[in-house]
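Could you build all of it, start to finish, from the sequences and the hints given here?
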Amino acid sequence: EAAVTQSPRNKVTVTGGNVTLSCRQTNSHNYMYWYRQDTGHGLRLIHYSYGAGNLQIGDVPDGYKATRTTQEDFFLLLELASPSQTSLYFCASSDEGDTEVFFGKGTRLTVV
Amino acid sequence: QQQVRQSPQSLTVWEGGTTVLTCSYEDSTFNYFPWYQQFPGEGPALLISILSVSDKKEDGRFTTFFNKREKKLSLHIIDSQPGDSATYFCAASRNSNNRIFFGDGTQLVVKP
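If you're matching them up, the sequences are chains X and E in order. Each position in the first sequence, counted from 1, maps to that position plus 104 in this note's numbering. Each position in the second sequence, counted from 1, maps to that position plus 8 in this note's numbering.
Simulated from the structure, these hints should not be mistaken for laboratory data. A couple of the hints might just be wrong.
[Stated by the list, open to error] Residues from chain X that face chain E, not an exhaustive set, calculated with beta carbons under 10 Å: (1) 110; (2) 111; (3) 134; (4) 143; (5) 144; (6) 148; (7) 149; (8) 179; (9) 195; (10) 198; (11) 200; (12) 206; (13) 207; (14) 209; (15) 210; (16) 214.
[Unchecked claim] Using 30 Å as the maximum straight-line C-alpha spacing, the simulated DSS-like pairs for lysine-lysine come out as follows: (17) X:209 / E:65; (18) E:119 / E:76; (19) E:65 / E:76; (20) E:79 / E:64; (21) X:209 / E:119; (22) X:115 / X:209.
Fair warning: this is a prediction, and the values are worked out from it, not measured in the lab. Quick reminder that beta carbons are idealized off the backbone N, C-alpha and C, glycines included.
Encoded structure:
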């Protein structure tokens with residue numbers, strides 16, 4: 105079974121601060137995703153990637169940057185965090201041509 | 009524009025009862041429809057899925073129905089158990105690519 109590990113699991117930062125959320129998957133999946141989950145909005149796609157160095161824009165990209173440094177590692181960057189970015193963030197991965205998505209356990213981010 | 013609409017937002021059923029969750033979608037090119045189950049503190053995980061060439065798929069107590077003409081799908085859980093208490097997401101994609109669109113989720117509580 106695919107393993108997707110996120111760190112940190114919890115993070116509190118101040119408005120205007122810098123935050124980096126990390127994700128590593130160990131099954132050599134091509135695709136990796138960052139979602140945010142908010143009550144009433146379900147899972148919304150922020151950015152995704154289909155390989156090292158590739159980045160695709162999702163549905164709610166404003167205020168977020170992402171970088172895929174290797175096949176395994178995908179990072180989400182918030183350079184000027186705002187309270188509206190308080191959310192539960194999920195990283196996920198899937199294989200080429202296989203639509204099952206494997207999720208990490210999530211990072212709860214609070215911006216105060 | 010939301011691609012996948014899900015209802016209800018929350019639902020409470022008694023143990024042993026039947027749970028019915030529904031979804032609708034807009035894009036007729038969608039041909040793969042998974043349901044994901046999420047327990048508190050965990051990421052979503054694939055529960056059951058159906059392709060548009062089928063109208064029903066069963067897996068134990070879980071059955072998903074697909075109506076292509078009406079662009080609707082549903083998830084039925086028979087003999088609902090307290091352990092089924094979770095958030096359920098319907099989703100849709102074109103299985104020619106790895107982009108999945110999620111509904112807003114239904115929070116299910118099964119009372120003993």
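Against the structure, the hints come out as follows:
1. 110: holds, 9 Å
2. 111: At 14 Å from the nearest chain E Cβ, residue 111 of chain X fails the 10 Å test, so the hint is violated.
3. 134: holds, 8 Å
4. 143: holds, 9 Å
5. 144: At about 6 Å, which falls below the 10 Å cut-off, the nearest Cβ of chain E leaves the hint on residue 144 of chain X intact, so it holds.
6. 148: holds, 8 Å
7. 149: holds, 8 Å
8. 179: Because about 18 Å separates residue 179 of chain X from the closest Cβ in chain E, which is outside the 10 Å limit, the hint is violated.
9. 195: holds, 8 Å
10. 198: holds, 5 Å
11. 200: holds, 7 Å
12. 206: With a closest approach of 8 Å, the residue 206 of chain X hint holds.
13. 207: holds, 3 Å
14. 209: At about 5 Å, which falls below the 10 Å cut-off, the nearest Cβ of chain E leaves the hint on residue 209 of chain X intact, so it holds.
15. 210: holds, 6 Å
16. 214: Not OK, violated: residue 214 of chain X not within 10 Å of chain E, min 16 Å.
17. X:209 / E:65: Since the Cα atoms of residue 209 of chain X and residue 65 of chain E sit roughly 28 Å apart, the hinted pair holds (cutoff 30 Å).
18. E:119 / E:76: violated, 33 Å
19. E:65 / E:76: holds, 14 Å
20. E:79 / E:64: Roughly 14 Å separates the two Cα atoms, so the pair holds.
21. X:209 / E:119: holds, 26 Å
22. X:115 / X:209: holds, 14 Å
Checked against the numbered hints above, the structure breaks hints 2, 8, 16 and 18 and satisfies the rest.
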